[in-house]
Amino acid sequence: MLDFTSIVMTIAPELWLALAGLVGVLLGAVFGDRFNSFSFKFGALSLFGAAALAAIHLSGGESFGGLVRTNTFVNFAKVISFVLAGVALFMSESFLKRHETIRYEYALLTIFASLGMGIILSAADLMTLYMGIETLSLSSYVMAAFHRDSARSSEAGLKYFVLGALASGMLLYGASLVYGFSGTTSFAGIAASDMSNGTLFGMVLMIVGMAFKISAAPMHVWTPDVYEGAPTSVVAFFASAPKMASTVMFANVLFVVFGAAYDQWQLIIAIIAGLSMIIGALGALVQTNIKRLLGYSSIANVGYGLVAVAAGQEAGAAALLTFITIYAVTSLGLFAGVLAMRRRGGMVESISELGGLARTKPVLAVMLSVLIFSIAGLPPFGGFFGKYEVLRAGLDAGLMPLAILVVIASVISLGYYLRLIKIMWFDEPTERFENTDAPVMGTVVLSAVVAGIVFMVFISELGTGGWATYAASGLLR
Amino acid sequence: MGGFPILTVMTFLPLAGAFLVMLVRSATAGGKGNGGAEAGKTVLLAGVIISAATFAASVAAFATFDRDQAGYQLVEQYAWYGPISFKLGVDGLSLSLVLLTTFLTPICLLASWNSIEKRVTEYVIAFLVLETFMIGVFVSLDLVLFYIFFEAGLIPMFLIVGIWGGKDRVYAAFKFFLYTLIGSLLMLVAMVYMIIAAGSADFEVLEKFTFDPGVQTWLWLAFGASFAVKLPMWPVHTWLPDAHVQAPTAGSVILAGVLLKMGGYGFLRFSLPMFPDASAYFQPAMFALAVIAIVYTSLVAWRQTDMKKLIAYSSVAHMGFVTLGIFSFNETGVQGAIFQMLSHGIIASALFLIVGVVYDRMHTREIASYGGLVNRMPIYASFFMLFTMGNVGLPGTSGFVGELLTMVGGFQAATWAAAGAALGVIFSAVYMLTLYRRTVFGEITNPALAGIKDMNLIEWVCIAPLAALTLLFGFAPNLIFNFTDSSTLRILSMMAGGQ
Chain Y
1 MLDFTSIVMT IAPELWLALA GLVGVLLGAV FGDRFNSFSF KFGALSLFGA
51 AALAAIHLSG GESFGGLVRT NTFVNFAKVI SFVLAGVALF MSESFLKRHE
101 TIRYEYALLT IFASLGMGII LSAADLMTLY MGIETLSLSS YVMAAFHRDS
151 ARSSEAGLKY FVLGALASGM LLYGASLVYG FSGTTSFAGI AASDMSNGTL
201 FGMVLMIVGM AFKISAAPMH VWTPDVYEGA PTSVVAFFAS APKMASTVMF
251 ANVLFVVFGA AYDQWQLIIA IIAGLSMIIG ALGALVQTNI KRLLGYSSIA
301 NVGYGLVAVA AGQEAGAAAL LTFITIYAVT SLGLFAGVLA MRRRGGMVES
351 ISELGGLART KPVLAVMLSV LIFSIAGLPP FGGFFGKYEV LRAGLDAGLM
401 PLAILVVIAS VISLGYYLRL IKIMWFDEPT ERFENTDAPV MGTVVLSAVV
451 AGIVFMVFIS ELGTGGWATY AASGLLR
Chain W
478 MGGFPILTVM TFLPLAGAFL VMLVRSATAG GKGNGGAEAG KTVLLAGVII
528 SAATFAASVA AFATFDRDQA GYQLVEQYAW YGPISFKLGV DGLSLSLVLL
578 TTFLTPICLL ASWNSIEKRV TEYVIAFLVL ETFMIGVFVS LDLVLFYIFF
628 EAGLIPMFLI VGIWGGKDRV YAAFKFFLYT LIGSLLMLVA MVYMIIAAGS
678 ADFEVLEKFT FDPGVQTWLW LAFGASFAVK LPMWPVHTWL PDAHVQAPTA
728 GSVILAGVLL KMGGYGFLRF SLPMFPDASA YFQPAMFALA VIAIVYTSLV
778 AWRQTDMKKL IAYSSVAHMG FVTLGIFSFN ETGVQGAIFQ MLSHGIIASA
828 LFLIVGVVYD RMHTREIASY GGLVNRMPIY ASFFMLFTMG NVGLPGTSGF
878 VGELLTMVGG FQAATWAAAG AALGVIFSAV YMLTLYRRTV FGEITNPALA
928 GIKDMNLIEW VCIAPLAALT LLFGFAPNLI FNFTDSSTLR ILSMMAGGQ
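Residue numbers (this note's numbering), protein chains in the order written: chain Y, 1 to 477; chain W, 478 to 976.
FYI, nobody ran anything at the bench for these hints, they're computed from the structure. There could be a bad hint or two in this list.
As the list claims (entries may be wrong) - Examples of chain Y residues toward chain W, derived with CB under 8 Å:
(1) 103
(2) 373
(3) 378
(4) 380
(5) 391
(6) 392
(7) 395
(8) 418
(9) 426
(10) 430
(11) 441
(12) 459
(13) 463
(14) 464
(15) 465
Quick caveat, the model's predicted, so the values are computed rather than measured. Think of the CB as a built atom: it goes at the ideal place given N, C-alpha and C, for glycine as much as any other residue.
Same shape as in the complex, but just chain Y (with noise of 0.2 Å):
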């Protein structure tokens, strides 16, 4: 019964990030200073190594005694989840070095995050799925307010944290009514228990705590304020990497434990969806300022992937993982460009500085263009097969209404979308942006042929029916 390598292969990838951070933290203090350059590419290989060690372990399995258990769907969330903020984590460097405010603690906190990513998809147990959250949630707020000589990030980071915290404290509430109705924290057993009335109620205080994690609306509200107050490095990661790691989270945890009570929930993560799809667009049809406008449709887009939750079942998971992975990928490609708008010494943020950007940096152009037309679901780039996949669950679960909300809402994001194409291409230039760092520019044309062209040309092995179906196929053993 005690197989130990099996044990250790389940939770090895969290067990050797600890182990990253902590030999971190000794190589911070032994070396201070002159530690601050090498811990992001530290901090890069260590979630790399991450990954390779999920990936390796695909097929998951149990620990500690039922705390943990994994299963491919959560496993093939983390190896993407990490290799994302690998990837956000090594560019991030040049980018705080500009800003004077390189420090090898960012490295650790995103180690420490991505730690916390890692706990909540491998949580077969409440306690162990609050740990988790915790983890991520505290790294998080303390990267927010990274730059803490500057107003907006220390004011980012705050309302991160005090919003956060009611949240966690609803999840907690919810998790604890659970526990109190169900006579158990342990996924399965709340599973198998009959699902009474309290243990719906609980449910409910528990998706809403999560909600605000992904950041659905109605619970979206420090989205724009976060994203435009936190430096765009950590933006870049948030909506990346965790963004990933709680929606499959959130999904793990109604299939899983709630999936008795599917009927009870559906409803609720509809107009969840709804509400995100339909406030998300909207709301970033005004902004100006390119970061705000990226959070409302990083709101728009997890409204979209919660109608493949919604749409329930294997191929509801399976078209979440397809949607979800593009998503993160576009949007550290997305917040990547941003992070190339340097001029004179500083970030610009408004839209309007992109001026005539197909003239000025016509690579970064080319790839952001290919960016934006694959996060608003145009063909033939994989963004839309992400929403081809959404559509056909939401579908085949017969949820009508959702499809034609997510049809309205499409048509109202490309009003936005369309708005930077049209800034790019069709205004007159502005003073050119700065040369950008190689990393930066990397992850940029990187993200682009990964979303825009290799999910197109190999979605037949990667989304439904290939990869995406293989992974969801470990939700329901």
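Position chain W against the provided structure of chain Y, taking the given hints into account.
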């Protein structure tokens, strides 16, 4: 040509060419400053050669095509994604539209020789990419593949209107994009529904699959929304005049020549064979919209002061005839509709080129600032006369055949519709002759016109082939009818089989 993937090659040749142009340009643009007019001409020439090669490829496909055989030919199929396959194939209907596309694209690029001066490389790339998507729409035999090409085409067209367009180009580009998008996204929902219901995205499977009549109505409406915007039909036609007026000449040509035809193609390819009951149910409504389009937009065209806008409205009216012909559900009407699409593709394109000729010289499209052009530009006036007559539908031009047949077909289905459409023929004479008289005849009143030159060689090369085709198809319409006959009968038999 056994097994040679001619359709794939033809479809992706322009895209490959666009990549080539991009690579070569980014390699040579290193020495800055020499990207001037000379380099621009070279790039344009490359574009013309690539699109001419594509035309050659489509002619090769035409040569291997067996016109007597119904159903899809030259089929290539590769498994792709779940129920979606990469499946290409043509019948008479789609191959004739492909030929129209590949024929017009080199002309468009050539016509831009003197009118496009800025960002030529991007221009050529946009056009070549657009050509791939346009061909793809007509040769796809898979729902999702069709949709990808159909909607992806919006991106290059958006850029063409928005970058190289006129004063209000941004407004026109947005309107074009959003109008078309809302229609096509509804179509996407319907497509996904069909794929789930039928378990396949293959046209040939879906044509045999019978949808429940109640479901058909909704599917028909979703597809119809997309095609009605694209065609365009009254009352969702308002994006067209804006887009036409603001687009550069070549953009207008492609819009009128090919993009509008996608709407008619869609009705013939999807609505009739796949939703026969719903098509029959909506026949009176479509007739009413067609007649309103013909009469109303003809009257609107009459009152225009901008030459391009006038032709744009006349396009809407002519597309009304296409709707009339398609929804008559008889061989005469459908054949007439296909003919009308091809004929309009030639004549309207030529008219936009004709407007472009004087626009390049005078930089205005106001009818009032012209007059007496015949004194200075006799050859131009002759060509203009030919295409005016073609647009009016004078016997001997291709415009006549299409209008006559759609009306005969319409008459067999609903007398009132044909009677209403006949008014449009009269009105088209009114507005086209008015346009011609006010721009070409009379004395030269605008002193700026005193030095205007007649057509140059490039304009000759662009316009003369279109003139030849207008006359050729006017005198020998059977060239097209023999070609599209079997696919028309096939569509109608599927339509009849469903009812």
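- Query: Hey, does the residue 392/Y contact hint survive, CB to chain W under 8 Å?
  - Reply: Cβ of residue 392/Y sits 5 Å from chain W, so the hint holds.
- Item | Closest C-beta approach of residue 418/Y to chain W relative to 8 Å, hint status | 6 Å, holds
- Message: residue 459/Y was flagged as interface toward chain W. Is the shortest Cβ-Cβ separation under 8 Å?
- Response: 5 Å, holds
- Query: Per the CB criterion, is residue 430/Y less than 8 Å away from chain W?
  - Reply: Constraint on residue 430/Y not satisfied, violated at 17 Å.
- Given residue 103/Y was flagged as interface, is its beta-carbon under 8 Å from a beta-carbon of chain W? At 39 Å from the nearest chain W Cβ, residue 103/Y fails the 8 Å test, so the hint is violated.
- Satisfaction of the residue 464/Y interface hint, Cβ to chain W closer than 8 Å: 6 Å, holds
- Does residue 391/Y pass the interface check with chain W, least Cβ-Cβ distance below 8 Å? Holds: closest Cβ of chain W sits about 5 Å from residue 391/Y, inside 8 Å.
- Message: Min Cβ distance, residue 465/Y to chain W: is it shorter than 8 Å?
- Response: With Cβ-Cβ at 5 Å, under 8 Å, it holds.
- Message: A closest beta-carbon separation below 8 Å is what the hint needs, so does residue 373/Y meet it against chain W?
- Response: 6 Å, holds
- Hinted contact residue 441/Y with chain W - closest CB pair below 8 Å: 15 Å, violated
- Task: Under 8 Å, Cβ to Cβ, is where residue 378/Y needs to be relative to chain W, so tell me if that hint holds or is violated.
- Result: This interface hint holds because 6 Å falls under the 8 Å limit.
- Message: Holds or violated: the hint that residue 463/Y contacts chain W, with Cβ atoms closer than 8 Å.
- Response: 7 Å, holds
Hint compliance for this structure: hints 1, 10 and 11 are broken, all remaining hints hold.
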